[in-house]
Amino acid sequence: MLSTFMKKRSRKTGLPPGTPIFIGDKKTDKTSIYLFDYNNKSFCEHSTDSVKACLPYKDRSTVTWVDVDGLQDVELLQHLGHGFELHPLVMEDILNTGQRPKVEDQGKYLYIVLRMLRYDEQKEKVESEQFSIILSKNFVLTFQEGCMDLFDPIREQIRTKKGRIREYGTDYLVYSLIDIVIDNYFVILEKIGEKIEVLENELVTNPNPKTLNQIHHLKREIILLRKSVWPLREVINYLIHLGGERNGLIRPTTKIFLRDVYDHTIEIIESMETIRDILSGMLDIYLSSVSHRLNEVMKVLTIIATIFIPLTFVAGVYGMNFKFMPELESPYGYPAILIIMSLVAGTMLLYFRRKKWI
Amino acid sequence: MLSTFMKKRSRKTGLPPGTPIFIGDKKTDKTSIYLFDYNNKSFCEHSTDSVKACLPYKDRSTVTWVDVDGLQDVELLQHLGHGFELHPLVMEDILNTGQRPKVEDQGKYLYIVLRMLRYDEQKEKVESEQFSIILSKNFVLTFQEGCMDLFDPIREQIRTKKGRIREYGTDYLVYSLIDIVIDNYFVILEKIGEKIEVLENELVTNPNPKTLNQIHHLKREIILLRKSVWPLREVINYLIHLGGERNGLIRPTTKIFLRDVYDHTIEIIESMETIRDILSGMLDIYLSSVSHRLNEVMKVLTIIATIFIPLTFVAGVYGMNFKFMPELESPYGYPAILIIMSLVAGTMLLYFRRKKWI
Amino acid sequence: MLSTFMKKRSRKTGLPPGTPIFIGDKKTDKTSIYLFDYNNKSFCEHSTDSVKACLPYKDRSTVTWVDVDGLQDVELLQHLGHGFELHPLVMEDILNTGQRPKVEDQGKYLYIVLRMLRYDEQKEKVESEQFSIILSKNFVLTFQEGCMDLFDPIREQIRTKKGRIREYGTDYLVYSLIDIVIDNYFVILEKIGEKIEVLENELVTNPNPKTLNQIHHLKREIILLRKSVWPLREVINYLIHLGGERNGLIRPTTKIFLRDVYDHTIEIIESMETIRDILSGMLDIYLSSVSHRLNEVMKVLTIIATIFIPLTFVAGVYGMNFKFMPELESPYGYPAILIIMSLVAGTMLLYFRRKKWI
Amino acid sequence: MLSTFMKKRSRKTGLPPGTPIFIGDKKTDKTSIYLFDYNNKSFCEHSTDSVKACLPYKDRSTVTWVDVDGLQDVELLQHLGHGFELHPLVMEDILNTGQRPKVEDQGKYLYIVLRMLRYDEQKEKVESEQFSIILSKNFVLTFQEGCMDLFDPIREQIRTKKGRIREYGTDYLVYSLIDIVIDNYFVILEKIGEKIEVLENELVTNPNPKTLNQIHHLKREIILLRKSVWPLREVINYLIHLGGERNGLIRPTTKIFLRDVYDHTIEIIESMETIRDILSGMLDIYLSSVSHRLNEVMKVLTIIATIFIPLTFVAGVYGMNFKFMPELESPYGYPAILIIMSLVAGTMLLYFRRKKWI
Amino acid sequence: MLSTFMKKRSRKTGLPPGTPIFIGDKKTDKTSIYLFDYNNKSFCEHSTDSVKACLPYKDRSTVTWVDVDGLQDVELLQHLGHGFELHPLVMEDILNTGQRPKVEDQGKYLYIVLRMLRYDEQKEKVESEQFSIILSKNFVLTFQEGCMDLFDPIREQIRTKKGRIREYGTDYLVYSLIDIVIDNYFVILEKIGEKIEVLENELVTNPNPKTLNQIHHLKREIILLRKSVWPLREVINYLIHLGGERNGLIRPTTKIFLRDVYDHTIEIIESMETIRDILSGMLDIYLSSVSHRLNEVMKVLTIIATIFIPLTFVAGVYGMNFKFMPELESPYGYPAILIIMSLVAGTMLLYFRRKKWI
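The listed protein sequences correspond, in order, to chains L, S, A, R and H.
With the numbering used here applied, the first sequence corresponds to residues -18 to 339, in that order.
With the numbering used here applied, the second sequence corresponds to residues -18 to 339, in that order.
With the numbering used here applied, the third sequence corresponds to residues -18 to 339, in that order.
With the numbering used here applied, the fourth sequence corresponds to residues -18 to 339, in that order.
With the numbering used here applied, the fifth sequence corresponds to residues -18 to 339, in that order.
Everything labelled a hint here was simulated from the structure, so no lab data went into it.
Treat the hints loosely; a few may be bogus.
Since the list gives no way to pick one copy over another, a pair counts as held whenever it fits inside one copy or between any two copies.
When the alpha-carbon atoms are kept at most 25 Å apart in a straight line, the in silico BS3-like pairs for lysine-lysine are as follows [to be verified]: (1) Lys142 / Lys11; (2) Lys208 / Lys106; (3) Lys191 / Lys336; (4) Lys8 / Lys336; (5) Lys337 / Lys191; (6) Lys106 / Lys176; (7) Lys39 / Lys22; (8) Lys200 / Lys336; (9) Lys176 / Lys8; (10) Lys191 / Lys176; (11) Lys337 / Lys106.
Predicted model, so just to flag it, every value in this text is computed and none were measured.
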């Protein structure tokens, strides 16, 4: 997976900067555009695939949300970027879907990159998708790779005037989007938490190399998750403290809500660290349960071998064919030797009991 | 446990922010309210379950302490929040009982979240409960989940005018509450310290996989404890340095006492780190005692096998049925072979002694 | 490799500072100079080996790029340094090819050191080369050790007026050079990513000491890579924030592009950290797969030995030559003993099954 | 030890703050007070157990040093605290002997807590005692738990006018006290260094589980030592930079000496870190020497078993009682089989030699 | 070594501060003084052992370098310190040869402590010596313990006017001294690098406990080296940024050269960290090669034992002396049993091959 991404990334080497190339997997068939335009009183909603239909909304005082699904239609996206006056480097970043979360103040608008996560039940791993947000005074552009839309609750809130969303501006819409993306991380953590519980049971009942592989698998998932979540802390901190300094894009009322999101981010980061610690502990338990098993096996071998090897030797001695072996002639020889053997075995067993091996 | 909490948390995904939902276990049957109102001269105390009874005290110049036990009655709590003019996000946080310790300056009041800990003797683990404090000029609201009230000593001090509590304001009351919550952590650490001593004895006398599991169990308890205690440092630091900057809610005289609490917090954090180091050391000791045991087992096996395998071979040789084996005919054959066997065994023993195996 | 470099470095001890000595491997036969001179309208390109040919371009208002390949001709380089007024310590650093990435503001010009990396397929390791840049108002000097030129795409852009390069000044040229050097790191990471995938398969199918050596080999490559990449972060940060403060060498428009490069650097650093974590995980898996194998081997040994050692003992007993052994005379002795042996073996097998060994 | 302290500490839970309770072990029979009063010209010295005798010296312009040994007489100490106007929380901290090193500016005086360490030869562990200093313009109060007085050299310097102590003020006296406490840490480190050397020899000659326990024991001592020493750095840094800012209690001339003490503290901290690293290295050596031993044991077992098991089998074959075994009849059978056995054994030995096992 | 130093250090406990006592090993027979006095035009050079001969040079405007070799003659050094007006604590530090690198601004002069390192080929370890520098406007005092003078190249530069040394002032002389001390660290790192290469070969061809000890030995050398080098970073940083702030002792021209030294220090620190990582990797390889060997040994044992133990049992069965064993009578018994035995052995071998043991 790592090398797949790198391969795509390295393909770009040597091209002049600002060249828009789509780097990523094609996740939808078609690039489609959903447009929402609303304020406290009115509201309209379109689905389109033409940039022209969107441009008139650009400078209206209402809140306009243009949501682009699928990034493979580079030409359409370039038109859009041109229409909404985005910097070529921003367009390049939107298309280059391996970005880490970041925020850039481009003067007239803020460019925010987040990563959406989804737990793929079949592949048993976390899938990651880039989610780009352009926050301007009157419009919000969002770009999704396309197969894990999380925003139906927000669309519903807009349609039904539930909550505060219709009363506030673009900054509150962006806050709502960020909030839902981050809330979704809790779902991922829950999945991982469930997997950990299953593994913990397996560790106690039947630790095997598959358990180990799964622990390592989860550990790696957490490593990749961290790459998506850690930079978020800075991003949201920036939005709270500097996000509207120069251009007033984020109002103080929205910042209170962003502080709430910040708390959630910290919570997620801490949960991830806790999970990491727990996984490390599970590795230790696995390794020591393996070495405990080895010990058990060795003890059984040692007990059996230590008891019977000397006895076999004794039997071997009286199996020798020497002419003159007086013990062999005696009628008490056989019972005597059986008694001696029992005594040797008994002593051994006592010794092992004292050593607490049995 | 981790996944249980996550499951509850993730249930909230998609709801508009500020929606008050109780996330946690129902720990009492009923939400009840205890009200204290006092100053240097007068004092009264009520137990009620109506918000109306509390509101008249809100703007009095006396110190009013409204203590809410049990968070499941969301409606009642919303009335209360409305009556005392709390921000919807604060109400949401009070009900969402997985918060980490934090402090928020909401202008007219400070919102403080702490975690109360209790060692559950039966389940042999640390239980955690959220404790929310609202500190305003004239009143203090506290919210407990409900089953581990620690504050009887403070109530007693208020009733009996013991200590300084009746002479000072709301800030000193809040200090007293924080102090008692943090002092209680020492009790938890004591329990863990006792467990460690028991385990240390077990490590010396009879290390077994159960010992290991218990070490890991304590390690995990410390991990979860840290999540409750680490952020406290910042919280109290904030109270000392910025807590009354804008609104004068915390007076300099109280800050001296908070500095004392800060020292305790540092002490607890250091004790936890020490315990972590000690537990890591115990893990090392366990693992090497296990490998020492394996060595012991192997040495016994090797000594026995190494001595008797060659002897058995010799016996086997003279058990062969060849017609022409001159040794077998000689009357000295048997004693000679016994002497040779003793010599071989003796040499082996000497070799092991030189190797310091016996 | 480490000691080879150190040997060369320590050779310099005791010489007065600023003495130009070439420290490194001679990688080309001849020091050669490529000169580009361009602005938005005109453009010319020379290949020369005389310093005199370059000097007239020094103070022209066009952008002049003097690219030096091969550092062994110390005299020529000293002439060049003298002609372009470089500080003796800067000349010393250019020749001393073990520098870590850095940037120095020398008043009239900036001195930037980068490291170019190349994956040598045959030696299966990453090769490193020093790349020095002098950025002045009107000219850019670059110094390569000589065998891994990466800059043909830039030359092509200058020749064909592709991209923005001909429109901007020396700072944009330097940005393009840095960008291409850093983009090339992704190619290296891709190679390492591919190697890791091969090793991961090997770990599952057939872990052997060679796998281990290769994991350690990659780990060491990453250690050396980090030395090249970590300081870059500071270098580019410096260029963005302080690079033109005093002398205006880097214009704000170029800083936007440098911010993009900064993001790439962070991405590379994070990928390296991820690779490190993955390699550590692979080491753990290797070690535990080895100990799992030992366990398997021991189990087989124990099962066989534990079953047959007692049986052999029984056979040995009835191989003894005592005169009076009543069992031997009985016609049921032999079948009886065979049945007893089968029972013992059966019991053993049941015991092992219960222990989940077979 | 840990839990013992915790038990005492947790006993305080619920008491109103500022309640003076002695938490610690009673280390002397009686609380006694030594008083020194001196300036450049005059000098007097008393031993008393009454607070009244001390108070007249409080406001004299001479330097007064009141040294209290033993903290169990809480009443006497409270009188003293009252007489010298100490804050109740300071008195509480003086009596609560588990404090970490700290410094508090109380306006008129500085309150400094240090920890004195002593290596108890019999218990083979480091004992720790709290040493509290009150530094005021005209007097210095010191509180010791009572059994490890280190300050005779200072008393001697006061009596004999050796050094500069009689010429300077209270700040120099406090510096001298701190200096002697910290110098004493070097003695502790020396003891630990000696123990390490003994253990290193043991590691080479005869590593056994006792060695391991002692390494862990030393490691734990270092952990507890660090708790005493780390905060010192901050304490002395504070004294140097802020110690006299508001109240001029520490003069610049004394600060030069405190800088010297700061260097010693850094030296001690670094030595501790070095010792930690060395102990970790010793653990590694122990573990690998143990596994080396296991290897040795296994090799001996394998060599013996591998040589004799096949030979024993051959002997077993010719011990079979089949009627028709032609080899048995031949007169060359026996010598032939002996030669074959020797060849098998020889081949085995050659194989082992090639494998470098013998 | 550690404890030896501590022993000497702890001897000082209890003495009044500023008492000059020589702590260290006597490394030369006699304390001798070399004096250089030069400016751009003139130059003179003396060897003396009297302080009086040096004092006249103290206030001359020429650069005077007084180099003291050997610190055992405490009286002579005290005269010198008095003559050049050094603070008693500085004299104490010069004599106390276990100082870590530091720089102190004493107003009229800077006091710099460095550590010179030498690789002792015979003892196979790094030796360390304290090198103290006093930098004043007109003179430089240097104090060496005495057996590893590195400064002949500088003396030669002064004598022959090579380089810039005669043109610049005392600050450039001090820079040259520091430069040569730090350049010498590269020589040490080279030695360690060579040792590592030898050990790496040993690890591949014949890993044994001696290899392990040597890896640990090198690790410890690096630990001690770090103590000498880490603080240097701060020291040189201080010289660059604050070194002449108050008293103009270090001129801007010299600071450019010190920046170069700073780069070298960083390079050395990074090389040390790389070496540490490499050594850790080597430890891992050692441990896993040891466990690989154990596996090999066990496999041989298991194969031999597993094949022959069942066969020996079969032979034992037909060695029993029962009267009625029909197989023994049959003429095909013997060949039949030999065939059965071969089949059993063959099956076993096939099983092992499938398991990839052989």
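Evaluation of the provided hints:
no., hint, in the structure
1, Lys142 / Lys11, "neither (30 Å within a copy, 34 Å between copies)"
2, Lys208 / Lys106, "within (15 Å within a copy, 27 Å between copies)"
3, Lys191 / Lys336, "between (34 Å within a copy, 18 Å between copies)"
4, Lys8 / Lys336, "neither (64 Å within a copy, 43 Å between copies)"
5, Lys337 / Lys191, "between (32 Å within a copy, 16 Å between copies)"
6, Lys106 / Lys176, "both (11 Å within a copy, 22 Å between copies)"
7, Lys39 / Lys22, "within (19 Å within a copy, 38 Å between copies)"
8, Lys200 / Lys336, "neither (40 Å within a copy, 30 Å between copies)"
9, Lys176 / Lys8, "neither (27 Å within a copy, 27 Å between copies)"
10, Lys191 / Lys176, "both (13 Å within a copy, 23 Å between copies)"
11, Lys337 / Lys106, "neither (45 Å within a copy, 31 Å between copies)"
When held up to the earlier numbered hints, the structure conflicts with 1, 4, 8, 9 and 11 and fits the remainder.
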